[in-house]
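Taking the hints into account, I'd like the entire structure generated from these sequences.
There are 2 protein chains.
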Amino acid sequence: MIKFPKPIQELIDQFCKLPGIGPKTAERLVFYLLKQSMEELNDFASALTQINNSVIKCSICHNISEKDPCSICSDKNRDHHIICIVAEPHDLAAIENTGEYKGVYHVLGGVLDPLSGQTPDRLRFNDLLTKLQKNKISEIMLAFNPDMEGEATMMYLNNLLKPFKIKITRLARGMPVGADLEYTDEITLSSAIKNRKEM
Amino acid sequence: MIKFPKPIQELIDQFCKLPGIGPKTAERLVFYLLKQSMEELNDFASALTQINNSVIKCSICHNISEKDPCSICSDKNRDHHIICIVAEPHDLAAIENTGEYKGVYHVLGGVLDPLSGQTPDRLRFNDLLTKLQKNKISEIMLAFNPDMEGEATMMYLNNLLKPFKIKITRLARGMPVGADLEYTDEITLSSAIKNRKEM
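Residue numbers (the numbering used here), protein chains in the order written: chain A, 1 to 199; chain B, 1 to 199.
It is worth saying that the hints were derived from the structure and are not from the lab. Treat the hints loosely; a few may be bogus.
Which copy? The list can't say, so a pair holds if one copy fits it or any two copies do.
27 angstroms max Cα-Cα, derived BS3-like pairs, lysine-lysine [as the list claims (entries may be wrong)]:
hint	residue 1	residue 2
1	102	167
2	194	3
3	35	24
4	17	76
5	167	17
6	162	102
7	17	6
8	165	134
9	67	3
Because the structure is a prediction, the values reported are computed rather than measured.
In structure tokens form, the structure reads like this:
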């Protein structure tokens, strides 16, 4: 194999770390970037470093946000008695894009996966319990990918939240098992929200 | 649609500019990067800005390189009487990866495409002619994508180089028309180099 100059190989390696980007794609992206002006590369680089500097997390729902509390948590038109629990901010974005859900959220920060070291203490369960003790919540909607880890997390949450005697629902099983919440089309996800059923 | 915080949207937009990356993929990449440490983001950003700072072009073959002349042009074991003309550095990399070719290169900097403003004066034809006048070249091998622009460039080169009475070859037509040189598997490309035919 040809050896690329070190800075090029380093950038290829950086792109290879991203999900779904293999060495061939990384090469193509880097060769494209090589043709860009210094200014455009700098813009890209500063956009990269900006995301950690200026993106904060809402202290209530833990979604990524520019202000604290976020625009959803501070919206008085939303129903603050329903909390939708999601694993990651992109799952929240998928739900928001349907326009079907009017409650608030709680971003757990991942799913239970003990084999990869994702144990309950690494997710935001305690914060959720505090929230339930402090506020009057009428419904908890669990919105996780219908895969092994997602199902396990929903089981765990169902047991954890039972003492509160709150209605706990989950997205309708209209989604095929193994599908990815983030990539579900809006119509399917809309009907899954409408048909959510009590656990 | 949900509005992402501005810095996130900016990074998504930057990724969307890359070839083959749509908004959904860009979103996924950015959400992945959001979970990385500041240090890793800085590494990525500096790798981006490095490519224009420390990558130079070989003054002989115009390939990207860390030194001038590049490792191929300064290699005494290679046959400097055969020049392979390619459009871009990634085409050169594809040829090198076959291990089949032992001559040197000339990177033209693109293909003729007058409708997009790629006229002969924007490619490195003059430099090629100087090279042919100064050195004893026994063969010119044209390695372009077998598409409209590639064929036109090869026609143009064939006419331009006729007065020199040098053997001009092109990659065998084993590659299907419309294929992309960069993505041809090594075996097909190897046999295309072996079976190159005189124009």
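Checked hints:
no.: 1; hint: 102 / 167; result: within (16 angstroms within a copy, 73 angstroms between copies)
no.: 2; hint: 194 / 3; result: between (55 angstroms within a copy, 23 angstroms between copies)
no.: 3; hint: 35 / 24; result: both (17 angstroms within a copy, 24 angstroms between copies)
no.: 4; hint: 17 / 76; result: neither (41 angstroms within a copy, 37 angstroms between copies)
no.: 5; hint: 167 / 17; result: neither (41 angstroms within a copy, 45 angstroms between copies)
no.: 6; hint: 162 / 102; result: within (23 angstroms within a copy, 73 angstroms between copies)
no.: 7; hint: 17 / 6; result: both (17 angstroms within a copy, 24 angstroms between copies)
no.: 8; hint: 165 / 134; result: within (15 angstroms within a copy, 89 angstroms between copies)
no.: 9; hint: 67 / 3; result: between (46 angstroms within a copy, 13 angstroms between copies)
Against the hints set out earlier in the document, violations occur for numbers 4 and 5.
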